[in-house]
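Chains A and B, in that order, are what the protein sequence lines are. The opening position of the first sequence corresponds to residue 0 in numbering that gives the first Met the number 0, with each subsequent residue numbered one higher. The opening position of the second sequence corresponds to residue 0 in numbering that gives the first Met the number 0, with each subsequent residue numbered one higher.
Among the hints, a few may not be true.
As the list claims (entries may be wrong) - Each computed DSS-like pair below joins lysine-lysine, with the alpha-carbon atoms no more than 30 Å apart:
#1 A:Lys42 with B:Lys241
#2 A:Lys299 with B:Lys50
#3 B:Lys81 with A:Lys42
Said to hold, decoys possible - From chain A, some residues computed to sit far from chain B (all C-beta separations above 10 Å):
#4 Trp179
#5 Arg283
#6 His311
Claimed, not checked - Computed spacing ranges between beta-carbons, pair by pair:
#7 B:Gly120 with A:Lys223: 43 to 51 Å
#8 B:Cys13 with A:Glu302: 55 to 63 Å
#9 B:Lys289 with A:Asp354: 50 to 58 Å
#10 B:Glu47 with A:Ser282: 19 to 27 Å
#11 B:Lys285 with A:Tyr117: 26 to 34 Å
#12 B:Gly298 with A:Gly69: 15 to 23 Å
#13 B:Lys81 with A:Leu225: 21 to 29 Å
#14 A:Glu132 with B:Lys365: 42 to 50 Å
#15 B:Arg105 with A:Asn346: 39 to 47 Å
#16 B:Lys289 with A:His324: 19 to 27 Å
#17 B:Tyr157 with A:Glu302: 50 to 58 Å
#18 B:Gly298 with A:Lys106: 51 to 59 Å
#19 A:Ser282 with B:Ser206: 22 to 30 Å
#20 B:Glu302 with A:Lys106: 43 to 51 Å
If you are wondering where the hints come from, they were derived from the structure by calculation, not from laboratory data. Please read these numbers as outputs of a predicted model, since none were measured by experiment. In this text, a Cβ means the ideal position worked out from N, Cα and C, and glycines have one as well.
Protein chains: 2
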Amino acid sequence: MAAKFEVIKESQECKARLGKLYTPHGIVETPVFMPVGTQATVKAMTPEEVKTLGAQIILANTYHLYLRPGHELIREAGGIHKFMNWNGPILTDSGGFQVFSLGDLRKITEEGVEFRSYIDGSKHFLRPEDSIEIQNCLGSDIIMAFDECTPYPSTWEYTKESMERTGRWAERCKEYHEDWDKQSLFGIVQGGMYKDLREKSAEQITSLNLPGYAIGGLSVGEPKELMYDILEFTTLLLPENKPRYLMGVGSPDYLFESVIRGVDMADCVLPTRIGRNGTVLTSRGKIIIKNGIYKRDFGKLDEECDCYTCTHYSRAYIRHLFNVHEILGARLTTIHNLYFLLKLMENIREAIKQDRLLEYRDEFYKKFGYV
Amino acid sequence: MAAKFEVIKESQECKARLGKLYTPHGIVETPVFMPVGTQATVKAMTPEEVKTLGAQIILANTYHLYLRPGHELIREAGGIHKFMNWNGPILTDSGGFQVFSLGDLRKITEEGVEFRSYIDGSKHFLRPEDSIEIQNCLGSDIIMAFDECTPYPSTWEYTKESMERTGRWAERCKEYHEDWDKQSLFGIVQGGMYKDLREKSAEQITSLNLPGYAIGGLSVGEPKELMYDILEFTTLLLPENKPRYLMGVGSPDYLFESVIRGVDMADCVLPTRIGRNGTVLTSRGKIIIKNGIYKRDFGKLDEECDCYTCTHYSRAYIRHLFNVHEILGARLTTIHNLYFLLKLMENIREAIKQDRLLEYRDEFYKKFGYV
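Generate the whole structure from the sequences, applying the supplied hints.
Written as structure tokens, this is what we have:
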């Protein structure tokens, strides 16, 4: 069954909406936060844990899986769902972002991108068709068109050239992809920080009539206000009956602000990555658990949290685990951070239902310590 | 309630026996394998997982916890059970072994041992009384007398001197310890590879009438046959109505052979340590999962195993996880290896019940590939 999207309710106070995204591996309630499982594992977690924490859909990275263990191997294993033991929906990115951010000595041509592997220096050439072929092998529910995530800052001229190429690549991706029942191809709008280019990109990409659209090239280092401005402008250019996916966003404020502006899906390594480094999201703001002040703190990570970590362990114990480099430390903070963001999105959906999202946001910001 | 030991059944074919060890945190069926949670965590596992895998009692290391986070802190936390969220029985060692194996520049006197921390080089002095005091703070169910694990090889003269000091230290430990209802103090028989010294040590230690006795100073590098010989000799010197604990043993053959010689308890880091390095125990012998031959092996780690790992993941997937340094890899192999040994001990108990332990051992050895 092809991914189908249904808007259930539109907020009375902002652009937020509640939706349902139907995929071959289950229904996703939107707005949704997607934990990232870069190498076919959400770092430090089992799939059952990720599900128990409230995740409805996860993301995996095409670039990494192409290099190791290889997409052919995953196809032989019966696809990524079976390979990694996650039977819910999976979205894969196109590999484009990593080719540009991790690929060494990359060379972009109209045909595709030549790059060297960050692992062994081996030379690779990735065309839009290759990206789709790889994602076909992986067998994810939602696949992404191959694009260039234009760096920030970039000149208007370069951004235009890059955006137009991304547009032509999207056409080639659509052309190459075959099994639309099994996998839905989403297009990606680029155009950097230039509204005229965002407009052109949105026009061209949406003309392909794809089952969903992503907003790329944001949260790449630009000021927060600029990000919000371009995001607001771009979501308005996207059709209301298709899911809108903001790529690479996961801090609580970015999640609130993008949902308020009409975003339905977001993903980020933030909760898992900062968790493994000992940074914990709490209702009163972030804390760094390795800090000496928690040495004899026998309270929970977050007084208001009822996750497995908070109901069984003290800050002092978790600090000890980090202090002595125990794996359980990374597990416990990852559990907590994922739960925190997934619960936040659940609360956001509930607030949309009750038309009190802005009020909920203000309450959250005040307590969390956002100015 | 003080630890009480009850022999349920004696084997008709060897010295093996079935027993029950009663502790303030639950009953342990013996013979038992105790997973090691050195730093108040069985590496990579949650306590619930360890319990689900079949563990009845775990071990924690006094030396490590004394250095980090400190025994006073654990006492403040409400004791080690609460601190680490394990409400089953816990045994702590005396710290002696680590002082000798990890302590730098150690200096042994009658009074105790001076050593430098392996973490920061700081100087410490540990007397038998300190070891008991630390273990009192930790609050484990079974505590061990402070001893010197005589290195192999050692001269008869040194072994005698060391064994006699260990004996005097055991008396001081017994003298210092107070709350026998809460914590049972076990003595440790030393004497190296010299039967006359083992005899003297056993005589002296058992004269203290403690609730349990350990055999120390074995499996420290000596040949297998010598180990079995000294072990068999020493167990016969220990009272039948007290539990016998062989320290630091965990390979399948050592477990079989020590149970056959009358051992009731054993502990080892083996399953967790080799698991994190990618070595897996299977019914057909050990495999190194990182090996290239498993790249496209979509079978389970062990065809005969029904643990979580084996019922959900392929060798190819686990190899991939190790190959890309994902934490889940270490988790999955740790789960499997712990389950393997805990299940083995369960099977051993069942075989004792049916008086077919020797037959079971021979079957196991043949399949596993022991000569």
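How the hints compare with the structure:
1. As the CA atoms of Lys42 of chain A and Lys241 of chain B are separated by approximately 46 Å, the hinted pair breaks the 30 Å bound.
2. With a C-alpha separation of about 23 Å, the suggested pair Lys299 of chain A and Lys50 of chain B falls inside the 30 Å cut-off, and the hint holds.
3. A threshold of 30 Å between alpha carbons decides the hint, and for Lys81 of chain B with Lys42 of chain A the separation of about 27 Å falls inside it, so the pair holds.
4. Against chain B, the non-interface label of Trp179 of chain A holds: every CB pair exceeds 10 Å, the least being about 28 Å.
5. Every C-beta of chain B lies more than 10 Å from that of Arg283 of chain A, the closest at about 22 Å, which supports listing it as non-interface.
6. Under the 10 Å C-beta cut-off, the non-interface status given to His311 of chain A relative to chain B is violated; the minimum distance is some 5 Å.
7. Evaluation of the 43 to 51 Å hint for Gly120 of chain B and Lys223 of chain A yields a pass: the beta carbon distance comes to about 46 Å.
8. Distance hint for Cys13 of chain B and Glu302 of chain A: a CB-CB separation of about 57 Å, consistent with the stated range 55 to 63 Å.
9. A C-beta distance of roughly 55 Å is found between Lys289 of chain B and Asp354 of chain A, which places it inside the suggested range of 50 to 58 Å.
10. For the hinted restraint 19 to 27 Å between Glu47 of chain B and Ser282 of chain A, the CB-CB distance of approximately 26 Å keeps it satisfied.
11. For Lys285 of chain B and Tyr117 of chain A, the Cβ-Cβ distance of about 33 Å falls inside the hinted range of 26 to 34 Å, so the restraint holds.
12. At roughly 19 Å, the beta carbons of Gly298 of chain B and Gly69 of chain A sit within the given window of 15 to 23 Å.
13. One distance hint, 21 to 29 Å for the beta-carbon pair Lys81 of chain B and Leu225 of chain A, is violated here, with the actual separation near 50 Å.
14. At about 48 Å, the CB distance of Glu132 of chain A to Lys365 of chain B agrees with the hint of 42 to 50 Å.
15. Hint check: Arg105 of chain B to Asn346 of chain A, Cβ distance near 56 Å, so the stated range 39 to 47 Å is violated.
16. Checked against the hint of 19 to 27 Å, the pair Lys289 of chain B and His324 of chain A passes, with Cβ atoms roughly 21 Å apart.
17. Taking the beta carbon of each, Tyr157 of chain B and Glu302 of chain A are about 57 Å apart, inside 50 to 58 Å as hinted.
18. Checked against the hint of 51 to 59 Å, the pair Gly298 of chain B and Lys106 of chain A fails, with Cβ atoms roughly 41 Å apart.
19. Hint check: Ser282 of chain A to Ser206 of chain B, Cβ distance near 60 Å, so the stated range 22 to 30 Å is violated.
20. Checked against the given bound of 43 to 51 Å, the beta carbons of Glu302 of chain B and Lys106 of chain A, roughly 48 Å apart, stay inside it.
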